[in-house]
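Student: Residues per chain are reported as follows:
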Amino acid sequence: MNQTAKTYKDIILNTLGTFGGSNSRQLAGAVGADRNVPPPSATELPYGGTYIPEVLLPSLQEIAAAFDHFKFDEGFLADFADTLRTFSGRPTAFTPLPRLSAEFGGAQIFLKNEGLNHTGAHKITHCIGQILLAQRLGKQRIIAETGAGQHGYATAAVCARFGLDCTVYMGKKDYERQRPNVYWMELLGTKVVAVKEGSQTLNDAVIAAFKDWVANPDSYYLLGSAVGPHPYPAMNTFFQKVVGEEIRQQCIETTGRLPDYCVACVGGGSNAMGMFFDFLDEEQVQLVGVEAGGHGTQPGEHAAKLRDGKRGIFEGYHSYFLQDGDGNIAATHSVSAGLDYCGVSPILAYLADEGRVKFETANDEAALSAVKKLAQTEGIIPALESAHAFAYAFELAAGLTKDKIVVVNASGRGEKDLFITMRHFQEENLKAYAQHLLQHQK
Amino acid sequence: MVNQRSKLPLMAHLVLGYPTLAESLRTAAQYIVAGVEILELQIPFSHPTADGPVITAACQEATRLGVSVSDCIEAIRGLHAQFPEQEIMVMSYLNRIYTFGFQEFVTEMKTIGVRHLIIPDLPVDSRAAEDLRDLTISKKSGLSNLNLVPVLAANTPDPRVEKLLAMGFDFFYLMSDFKITGSGFSLHPRLKAIIQKIRAHPSTNLPAVALTKEGHHSTNHPRIGIGFGISTPEQALKVVEDADVAIIGSALIQAQNAGKLTEYLESLRQAFNNQQFETKH
Ligand SMILES: Cc1ncc(COP(=O)(O)O)c(C=O)c1O
Numbered sequence: 000m001n002q003t004a005k006t007y008k009d010i011i012l013n014t015l016g017t018f019g020g021s022n023s024r025q026l027a028g029a030v031g032a033d034r035n036v037p038p039p040s041a042t043e044l045p046y047g048g049t050y051i052p053e054v055l056l057p058s059l060q061e062i063a064a065a066f067d068h069f070k071f072d073e074g075f076l077a078d079f080a081d082t083l084r085t086f087s088g089r090p091t092a093f094t095p096l097p098r099l100s101a102e103f104g105g106a107q108i109f110l111k112n113e114g115l116n117h118t119g120a121h122k123i124t125h126c127i128g129q130i131l132l133a134q135r136l137g138k139q140r141i142i143a144e145t146g147a148g149q150h151g152y153a154t155a156a157v158c159a160r161f162g163l164d165c166t167v168y169m170g171k172k173d174y175e176r177q178r179p180n181v182y183w184m185e186l187l188g189t190k191v192v193a194v195k196e197g198s199q200t201l202n203d204a205v206i207a208a209f210k211d212w213v214a215n216p217d218s219y220y221l222l223g224s225a226v227g228p229h230p231y232p233a234m235n236t237f238f239q240k241v242v243g244e245e246i247r248q249q250c251i252e253t254t255g256r257l258p259d260y261c262v263a264c265v266g267g268g269s270n271a272m273g274m275f276f277d278f279l280d281e282e283q284v285q286l287v288g289v290e291a292g293g294h295g296t297q298p299g300e301h302a303a304k305l306r307d308g309k310r311g312i313f314e315g316y317h318s319y320f321l322q323d324g325d326g327n328i329a330a331t332h333s334v335s336a337g338l339d340y341c342g343v344s345p346i347l348a349y350l351a352d353e354g355r356v357k358f359e360t361a362n363d364e365a366a367l368s369a370v371k372k373l374a375q376t377e378g379i380i381p382a383l384e385s386a387h388a389f390a391y392a393f394e395l396a397a398g399l400t401k402d403k404i405v406v407v408n409a410s411g412r413g414e415k416d417l418f419i420t421m422r423h424f425q426e427e428n429l430k431a432y433a434q435h436l437l438q439h440q441k
Numbered sequence: 000m001v002n003q004r005s006k007l008p009l010m011a012h013l014v015l016g017y018p019t020l021a022e023s024l025r026t027a028a029q030y031i032v033a034g035v036e037i038l039e040l041q042i043p044f045s046h047p048t049a050d051g052p053v054i055t056a057a058c059q060e061a062t063r064l065g066v067s068v069s070d071c072i073e074a075i076r077g078l079h080a081q082f083p084e085q086e087i088m089v090m091s092y093l094n095r096i097y098t099f100g101f102q103e104f105v106t107e108m109k110t111i112g113v114r115h116l117i118i119p120d121l122p123v124d125s126r127a128a129e130d131l132r133d134l135t136i137s138k139k140s141g142l143s144n145l146n147l148v149p150v151l152a153a154n155t156p157d158p159r160v161e162k163l164l165a166m167g168f169d170f171f172y173l174m175s176d177f178k179i180t181g182s183g184f185s186l187h188p189r190l191k192a193i194i195q196k197i198r199a200h201p202s203t204n205l206p207a208v209a210l211t212k213e214g215h216h217s218t219n220h221p222r223i224g225i226g227f228g229i230s231t232p233e234q235a236l237k238v239v240e241d242a243d244v245a246i247i248g249s250a251l252i253q254a255q256n257a258g259k260l261t262e263y264l265e266s267l268r269q270a271f272n273n274q275q276f277e278t279k280h
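In order, the protein sequences belong to chains A and B. Residue 371 in numbering that gives the first Met the number 0 sits at position 372 of the first sequence; the count goes up by one each step and never skips. Residue 21 in numbering that gives the first Met the number 0 sits at position 22 of the second sequence; the count goes up by one each step and never skips.
Be careful, since some hints might not be right.
[Unchecked claim] Below, in silico cross-link-like pairs of lysine-lysine (BS3-like), each with a Cα-Cα straight-line distance of 30 Å or less:
| id | chain 1 | residue 1 | chain 2 | residue 2 |
| --- | --- | --- | --- | --- |
| 1 | A | 403 | A | 372 |
| 2 | A | 195 | B | 259 |
| 3 | A | 309 | A | 357 |
| 4 | A | 309 | B | 109 |
| 5 | A | 8 | A | 403 |
| 6 | B | 162 | B | 196 |
It is worth saying that the hints were derived from the structure and are not from the lab.
If we strip away everything but chain B, and leave its shape as in the complex, we get (with noise of 0.2 Å):
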């Protein structure tokens, strides 16, 4: 599945404003530089109820210096410009986009051409949800062009998983076990029937663009990533035998802390490409 890419088939997440609003934004352009396929940007908030202790440290530590939203916008909008080519999702905790407005923050990601959005503790059936995708739809369409993104785990019921699916989320985020960002790593034996029910649907509402990208999937199957408590290029290249992309957040924030984040980039590179290599022969 990895094979015949040029980009690596990662998620890497991001803190914008950390350890500042430049210099993370300069590690944006590393990431895309060095090819992962999807950027995640994370808008921090002061209480991100669902991350770890690094994701949590650099949120409180961006959030201390007052990146706003319309900085963290403003930032998203200068990224998209300079690599227009390059899938960004968008993920923050429900409160700051509340308090932002939801009608301002929907415009605001349609102008800029970002696609899909990730809020942690938004169930994307719920009544904020429904306000929040009722700005999404295009009029002209009736299709959405920004898209929320469900965060299942392995204890989402099938007909849950099946009620969503058919909802036409074009991308879902999976919970690799129960657990918080940046804690270990382990894959939940559920995760495989979930993500065979997901392959298993043809989605009809998705919007050409975004599938046809990198000429991934030739069919309208909704996307998979995988994430929480991937750190290593093994996990990563485990996780892509089942999902689309493995997603790394709390890992990359320690290498960048540690200084080794070239390095450790590198390493990711590396394993993708033996692995390319081994599954051509």
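Only chain A is shown next, with the shape it has when bound in the complex (with noise of 0.2 Å):
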């Protein structure tokens, strides 16, 4: 195991999803540990690839070379780190969570806090990546897909900032549930457009910007999670991974060691493998992905696609996905729309396979309550989204001991959720306060 272990990250970003992937054929490979799926052969098809429609492939192809060319630029590597701490706030937070942590009795909690990002969360990070690769291309107009609208609202701000056209996909579902962000995006001067077709969510979205692309293809589809056909699954975690360096040493400044566990929720897996990438070559550090529990365990209540989930391809990417038993996809469902996602990050499929990250899942009504916990007992108000994280992170703590530390990625700030969790919360007055602003307006 320590022999494979030393090549997780090389093999990750060297050669995840290359376009006719013979040399990824290794990521499939291994034998992975106490999985309720069987792990594939070494002859079976590897997982993540390029498998879009032929008139994309330009595009993708001019995308890979330029991240090949410039992950290695110092040039571009110093505007990366320079824009990351002028525009976004770079280095976040690393917070110890004392009072939680004795409530709970067990292991030490450390919260990282990427909801400090400009923004509001972790999707800044590749935004801010990805649109100094797009203004490298000479690209002129940009496309994105958001769920909960954190990384529509990044690409709004990155786009803003650096002077370029942006239009935004968002599920219907999504775009009413997270209204506070598709006006911050509006503001930026992005179009946002509303995707009525299928369970109007976060693929949806994903579709209806890859349609966009198709008919233009000139345009820089700034995709937002570590998913998608290669190599975004690959740069998306490359860009990310500042967030598990940043732990690191914060975690060895505050505690003097590394963590024993690092728990981050899973939509598509961007905040993840951000967290999750520096850490993967020492096992002594284990890693946890959170995906929604939902509201239930049939089919359609949950997004848990790495506990439920079937290989197949979709979205350009080959992995697990949520889908019947006969290659249609399912309809998911979370109360966070940037969990509600039916496909999981090729790469996570491959280190869950491995045995090297471990999943779990949150539900609902523990997301909701870890929100109010965090907030009551600590001072933050965590995003839906990583709020899974520390509903697990809670019970995972409780049941260890007092020297163990974990570190919770807190991949965004809850303000966005106000109509949802005030809902939940304080029913009555959001009812007021929508009435209050009806006659207000009158």
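From the two separate chains plus the hints, produce the assembled complex.
Tutor: Dropping the structure here:
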């Protein structure tokens, strides 16, 4: 295991999902541990890939080539680091949670506050990386999809800052439930399109963005998670890995050593890969991804693809997808729009098969409770997505000894969820406020 | 090019299971009787990522009603038995075929006698396509008797067109322009150059039977279809100035939805008959 472990980082950055994929066979080749899905054999299709209409190949190959070049370019990397610092406010805080740790009576819990980034979530990190790439490619128009609206908001912000035209696709259901973010995007000058197809969530937004790209292959598709065709999974992981690098340094500064557990929520996997990447080759650091348990275990009631998904090829990549038994993609549900998605990063699919990352679920109720708990005990309001990670981490910490260190990724802050959490916690006040607004208008 | 033929130089696209499986089969028969050269049967997928609103809605309705891949295979088998002379191409998205099993799917297609598979989200030289193509090669002849169909666009670079030609594909599907299906007609100017390149390529890897049908091509050139956004007879006529077939999808579904399918097919037939008359004189 140690020998393979040393190569996780290399495997992911260098071989994942390259176009033909023959050198990435090994990515799907290793034998997994304690998974209810049998691991793929060495001759099976590797995860990732580039399964998209031919018309998009030139655009994707252009982006892949640019990424391969600029990921080693000192000028580019300096520009990236500088923009992260001056525009987004990196590094983000690493915060001990002493009151919660004491309350649970187990491990010491720490929080990586990605919600302190400009626009309120980790998403802006890969947006800055990609916009710098798009700029070097001379692109004028940006397309993006968004679920919770955080990726769209961050894309809108970087487009405004770099003077690029921006169109964001958002499922109509998400458009309605994450309305504050729609407004921020529009204020930033972005065109937000509510997608009425399908279940009107993230999945449908991704498809709409791809269709726009087919009609406008000169545009740059700024995809927002560690999913999609190559190079997006590897590229967004590469940009996001700064999160884990900061955690390493901050955790050593604060505690003198590495964490025992890193816990992150998993929608597509960008915040999880950002947190996990730097620790992949240190087995003593246990990595846990938390998926949306929704409000039940039946199809359509949750978004737990690594629990219930089957291998499939969709939206450009080979990975686990929630689907029916006959190759149709299933509906999903989560109280958090950002986790309400049918697929998962091909990199996480690989790491799950390897047993390197463990997957758990937290349901809607547990996530909502975790928001309140963190708010009232430590003064931090997490995004509903991130709250899934906290819900599981609280359980985990309670069962561990006091010398253990659990770090939780607060991938975003909770302001965007105003109307969801308020309806849950203060329905009467929300109604009264809505009424007040209406009357005030007259 | 269109004279001397009894068939219409059209590839008629149809979503199996829309509005019901039985009705889609009746529609298929109607296309065949109308004389379309190729019938393109789409096995519907819940999320057709390269199709426009009309075909997407049809696919979503068909999958909502639960049409399975096996149902579609049986339907194709039945159609082929009923119209053994009719050329049929099968189209679906990769996930349905992958989930069904590449091996099982290829075996079914070969058993039925389907010669072409169109999978819009599968670049024909990707790793999954390699896996699929491995299964299509006949052990005896070393030739493929079930071919994937590359779906090219105006931005497919020359070297890539050459690479795909060298790989022996015998039918090329060209997107009329940068668009999804069913969204307005235009022909991208660069298509001509791609078509010339394909026309100039004498393929040696082509199964003769597919080519001699209808006395269509005496030389072993790969055939070309152009689709996406074709709706009027004039547009179809324009397209077959360069292509072997014009591919029509959304417009057929729209005509069907409006209860005007017979008239629409008739308008296509008339347009081609007149054209034949003109070219003969
Ligand atoms: C705050 C936040 N966390 C997590 C996610 C889930 O995405 P990912 O799994 O790519 O981090 C989102 C997506 O919208 C988000 O906004």
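Student: Against each hint, give a clear statement of whether it holds in the structure.
Tutor: Verification of the hints:
1. The straight-line distance between the Cα atoms of residue 403 of chain A and residue 372 of chain A is roughly 21 Å, inside the 30 Å bound, and the hint therefore holds.
2. Between residue 195 of chain A and residue 259 of chain B the CA atoms are separated by roughly 27 Å; this keeps the pair inside 30 Å, and the hint holds.
3. A threshold of 30 Å between alpha carbons decides the hint, and for residue 309 of chain A with residue 357 of chain A the separation of about 17 Å falls inside it, so the pair holds.
4. Taken as a hint, the residue 309 of chain A and residue 109 of chain B pair is honoured in the structure, with Cα atoms around 27 Å apart against an allowance of 30 Å.
5. Note on residue 8 of chain A and residue 403 of chain A: the hinted pairing holds, with a Cα-Cα distance of about 25 Å set against a maximum of 30 Å.
6. Restraint check for residue 162 of chain B and residue 196 of chain B: satisfied, since their Cα atoms lie roughly 11 Å apart, inside the 30 Å limit.
Violation of the numbered hints given earlier is absent; every hint is satisfied by the structure.
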